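In case you want the letters, here they are:
Protein chains: 2
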Amino acid sequence: MKLAAIVLLLASSLCFAQESGDFKPATSNVLDAQYPQVDSNSRVRIRFKAPDAKNVKVNFWSGEKSAMEKQPDGFWTFTTRPMAPGLHYYTLNVDGAEVSDPASTAYFGGSKWASAVEVPEVGVDYYLPKDVPHGQVRQVWYHSSVTGTWRDAFVYLPPNYDTSKTRYPVLYLQHGGGEDETGWIRQGKANFILDNLIASGSTKPMIVVMANGYATRVGYVMPDLTGKPFLGPEFIKVMQERMGAFEDDMTQALIPFIDKTFRTLPDRDHRAMAGLSMGGMETFQTTFNHLDLFSYIGGFSGAGNPFLMGGKFDVKTAYNGAMADPSAFAKRVHLLWIGVGTDEPERMKSGLESLHTSLDEAGVKHVFYESPGTNHEWQTWRRDLKDFTPRLFQTAAKTR
Amino acid sequence: MKLAAIVLLLASSLCFAQESGDFKPATSNVLDAQYPQVDSNSRVRIRFKAPDAKNVKVNFWSGEKSAMEKQPDGFWTFTTRPMAPGLHYYTLNVDGAEVSDPASTAYFGGSKWASAVEVPEVGVDYYLPKDVPHGQVRQVWYHSSVTGTWRDAFVYLPPNYDTSKTRYPVLYLQHGGGEDETGWIRQGKANFILDNLIASGSTKPMIVVMANGYATRVGYVMPDLTGKPFLGPEFIKVMQERMGAFEDDMTQALIPFIDKTFRTLPDRDHRAMAGLSMGGMETFQTTFNHLDLFSYIGGFSGAGNPFLMGGKFDVKTAYNGAMADPSAFAKRVHLLWIGVGTDEPERMKSGLESLHTSLDEAGVKHVFYESPGTNHEWQTWRRDLKDFTPRLFQTAAKTR
Numbered sequence: 011m012k013l014a015a016i017v018l019l020l021a022s023s024l025c026f027a028q029e030s031g032d033f034k035p036a037t038s039n040v041l042d043a044q045y046p047q048v049d050s051n052s053r054v055r056i057r058f059k060a061p062d063a064k065n066v067k068v069n070f071w072s073g074e075k076s077a078m079e080k081q082p083d084g085f086w087t088f089t090t091r092p093m094a095p096g097l098h099y100y101t102l103n104v105d106g107a108e109v110s111d112p113a114s115t116a117y118f119g120g121s122k123w124a125s126a127v128e129v130p131e132v133g134v135d136y137y138l139p140k141d142v143p144h145g146q147v148r149q150v151w152y153h154s155s156v157t158g159t160w161r162d163a164f165v166y167l168p169p170n171y172d173t174s175k176t177r178y179p180v181l182y183l184q185h186g187g188g189e190d191e192t193g194w195i196r197q198g199k200a201n202f203i204l205d206n207l208i209a210s211g212s213t214k215p216m217i218v219v220m221a222n223g224y225a226t227r228v229g230y231v232m233p234d235l236t237g238k239p240f241l242g243p244e245f246i247k248v249m250q251e252r253m254g255a256f257e258d259d260m261t262q263a264l265i266p267f268i269d270k271t272f273r274t275l276p277d278r279d280h281r282a283m284a285g286l287s288m289g290g291m292e293t294f295q296t297t298f299n300h301l302d303l304f305s306y307i308g309g310f311s312g313a314g315n316p317f318l319m320g321g322k323f324d325v326k327t328a329y330n331g332a333m334a335d336p337s338a339f340a341k342r343v344h345l346l347w348i349g350v351g352t353d354e355p356e357r358m359k360s361g362l363e364s365l366h367t368s369l370d371e372a373g374v375k376h377v378f379y380e381s382p383g384t385n386h387e388w389q390t391w392r393r394d395l396k397d398f399t400p401r402l403f404q405t406a407a408k409t410r
Numbered sequence: 011m012k013l014a015a016i017v018l019l020l021a022s023s024l025c026f027a028q029e030s031g032d033f034k035p036a037t038s039n040v041l042d043a044q045y046p047q048v049d050s051n052s053r054v055r056i057r058f059k060a061p062d063a064k065n066v067k068v069n070f071w072s073g074e075k076s077a078m079e080k081q082p083d084g085f086w087t088f089t090t091r092p093m094a095p096g097l098h099y100y101t102l103n104v105d106g107a108e109v110s111d112p113a114s115t116a117y118f119g120g121s122k123w124a125s126a127v128e129v130p131e132v133g134v135d136y137y138l139p140k141d142v143p144h145g146q147v148r149q150v151w152y153h154s155s156v157t158g159t160w161r162d163a164f165v166y167l168p169p170n171y172d173t174s175k176t177r178y179p180v181l182y183l184q185h186g187g188g189e190d191e192t193g194w195i196r197q198g199k200a201n202f203i204l205d206n207l208i209a210s211g212s213t214k215p216m217i218v219v220m221a222n223g224y225a226t227r228v229g230y231v232m233p234d235l236t237g238k239p240f241l242g243p244e245f246i247k248v249m250q251e252r253m254g255a256f257e258d259d260m261t262q263a264l265i266p267f268i269d270k271t272f273r274t275l276p277d278r279d280h281r282a283m284a285g286l287s288m289g290g291m292e293t294f295q296t297t298f299n300h301l302d303l304f305s306y307i308g309g310f311s312g313a314g315n316p317f318l319m320g321g322k323f324d325v326k327t328a329y330n331g332a333m334a335d336p337s338a339f340a341k342r343v344h345l346l347w348i349g350v351g352t353d354e355p356e357r358m359k360s361g362l363e364s365l366h367t368s369l370d371e372a373g374v375k376h377v378f379y380e381s382p383g384t385n386h387e388w389q390t391w392r393r394d395l396k397d398f399t400p401r402l403f404q405t406a407a408k409t410r
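Just so you know, the protein sequences line up as chains A and B, in that order.
The first sequence maps to residues 11 to 410 in the working numbering.
The second sequence maps to residues 11 to 410 in the working numbering.
Just chain A, with the same shape it has in the complex (with noise of 0.2 Å):
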């Protein structure tokens, strides 16, 4: 066979695999729904009924806003480029009104329950369920004397927790702005990541704890926050108090329940806590606040807290010159992980990296993590905790 036939043969059996292509229902979909499709190039299709409107739209949170096309049928479909890998929200666009696909099971995003499709990673199964031993999730209400309410949280429980009379070190892990606790196990799947490192032996077994970033103080009026601009002075001072109440809800409420309610180990230095976005800002503010209570930080695509500090980061001065001595903090935190997809907005991975390089030229041990050709999206999210878990509780001295 000649070179040129040869090159003819692959090309066409490229062709045929990029333009006949081989969708299946993806695995985010509803029982029983066809679409949306992913074929083996990572393509996603979308089909949705509208047949009386004018313009429909399908916008991809990380990527862009594209016209459908209207069948004959009254079903409008859409086929994007290859994506990247993981779980992508989106959102459809009818007459102007932005609502969910009812074909996608719905996942907390955006404030709203959003849709999103998985589009696998070849050759990855670390947040796929397989045949290994099944931690349980819990839904669990506690009373909180600030906010006044009645929360709940999820609690991962590692496998034979019920059956073992072990303490187990507890990382507390939160989701992003917009999201909520039902995001972690979702979207992140993180009781299996955690079922299969555990299983595998590169993770201590732990209870995963993820609560609701959301709260408000008792007797606290929200404002109205119509006409004012995104990330003004009157949303960041909502965004503020919100934090704030958090931090109270979590150290002062949430941390003493877990402790009573499961066998935990309840020092700091069998406590963590990471959150990805808006819940890596509050992990930095919590865990800097109180030190006392935690030794592990991980901050996923959110650290610091660039609102509260005015976008300027001194590591002598940030948290009350908690990093100003390299060498004492590095004995009194066991770990500072950052983490960052490569393909996230530019301002998200300059601050990341600027934050990064800060902590570098001052000397203070960190680790940083970048997720290869990943966006602001759970696919990172996911690879940073498959990171960062198995670096936990490793250290057995006890700190204060």
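Be a bit skeptical, because a hint or two may be false.
A pair counts as met if it fits within one copy or between any two copies, since identical chains are not told apart.
Once the Cα atoms are required to be at most 20 Å apart in a straight line, the calculated DMTMM-like pairs of lysine to aspartate or glutamate come out as [said to hold, decoys possible]: (1) 140 to 162; (2) 247 to 269; (3) 67 to 108; (4) 238 to 83; (5) 270 to 62; (6) 247 to 42; (7) 59 to 371; (8) 64 to 162; (9) 247 to 257; (10) 270 to 258; (11) 214 to 269; (12) 67 to 269; (13) 59 to 234; (14) 59 to 108; (15) 238 to 42; (16) 34 to 234; (17) 375 to 363; (18) 270 to 172; (19) 270 to 141; (20) 59 to 257.
Calculated directly from the structure, the hints in this document are not laboratory data.
All values derive from a computational prediction rather than experimental measurement.
With chain A's structure known, arrange chain B on it following the hints.
Just chain B now, kept in the frame of chain A:
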């Protein structure tokens, strides 16, 4: 003050209540969403942004489709007449597209993540979180040799399960058609109902298992039902296959898993099953086929299986004659419980009433409960659960 003046004052205050209203955001809204709103007359006000739409309708599944009114700001609004108490599913129709309201919590119903609005029932709080000990709800994963897949279930554990050494009876509690294993917690508030009933001493502490009622056997290929009539023979065949697979999954995989995983009393005297609508049919099929496993049976707006039985129900011959000898049946089955809402569709109501009459005429001991003024909706099933569970596990004698 003259009588006429008093009447006028009363009338004007009524008008005030009915016209200006005292609308407040519904408890079923997502965080910070100002709409839907409910007033003290149980009227619901919906507001939805769709600036370029020609037609927007609100579709209350147990009520009517109503045209919404376009406002100059691009929002559409609609206010209902006073509604029955409880959680009402609804969707919005935007130029022919049936979608969920982004302001509502998403509840899995109608085979999609739908919207619903909670209308409070005046003076009634048995399904609200109160200052009593709270149980936990656990999500567990089990591998089913029947379906060949990992399946999940939700398990309510009564307060103090972790600290007691007691073994508990188990109620298997099923959702309806188009719903899933999340329904009894998210829509039904089953955990709060049990918490409150257990705290008042009227219900024995028990474990409640909520599984997914849809299953297919390993290797089953779902036929394409496109264009096939709803409840036609192809549809019924799929339903029959799925209900049989669910019965096998429950009796061969789920029950053994639950009895292995939790401190249960693993015998028929301490095992109940109930379900709503399709779940009621599944309950009758599963329990009557396995009276060695169950001794308490509940059908909430669904019992028997009219589809598989060709619409006929003969007490003497039904379920291989299990009820042919009423006195033997009453000794074997401690509770046969049937319920229906007085405002349910005629076919549903007359079906259950006729089952009740047939059982009465044949002398088969059972409880027939009617929920006043409620439709084929969750308020009926919350009340059912409240009436049903205090009757469970009160019989000490061992039976076979």
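Outcome of the hint check:
1. 140 to 162: between (28 Å within a copy, 13 Å between copies)
2. 247 to 269: So residue 247 and residue 269 fail the 20 Å test inside a copy (32 Å) and across (51 Å) alike.
3. 67 to 108: both (9 Å within a copy, 16 Å between copies)
4. 238 to 83: between (43 Å within a copy, 17 Å between copies)
5. 270 to 62: neither (57 Å within a copy, 54 Å between copies)
6. 247 to 42: between (45 Å within a copy, 16 Å between copies)
7. 59 to 371: neither (56 Å within a copy, 50 Å between copies)
8. 64 to 162: Neither: 42 Å inside a chain and 41 Å across chains, both beyond 20 Å.
9. 247 to 257: Within. Shortest intra-copy distance 15 Å satisfies the 20 Å Cα cut-off; inter-copy 55 Å does not.
10. 270 to 258: Result: close within a single copy only, 18 Å intra versus 40 Å inter.
11. 214 to 269: So residue 214 and residue 269 pass the 20 Å test inside one copy only (18 Å; across, 28 Å).
12. 67 to 269: neither (48 Å within a copy, 50 Å between copies)
13. 59 to 234: between (36 Å within a copy, 19 Å between copies)
14. 59 to 108: Close inside one copy (15 Å) and across copies (8 Å); limit 20 Å.
15. 238 to 42: between (43 Å within a copy, 15 Å between copies)
16. 34 to 234: Between. Shortest inter-copy distance 15 Å satisfies the 20 Å Cα cut-off; intra-copy 45 Å does not.
17. 375 to 363: Answer is within: at 15 Å inside a copy they meet the 20 Å cutoff, but 73 Å across does not.
18. 270 to 172: Both, since 16 Å and 11 Å are each at most 20 Å.
19. 270 to 141: Between copies, since 17 Å is at most 20 Å while 32 Å is not.
20. 59 to 257: Classified as neither: same-chain Cα gap 44 Å, cross-chain 34 Å, threshold 20 Å.
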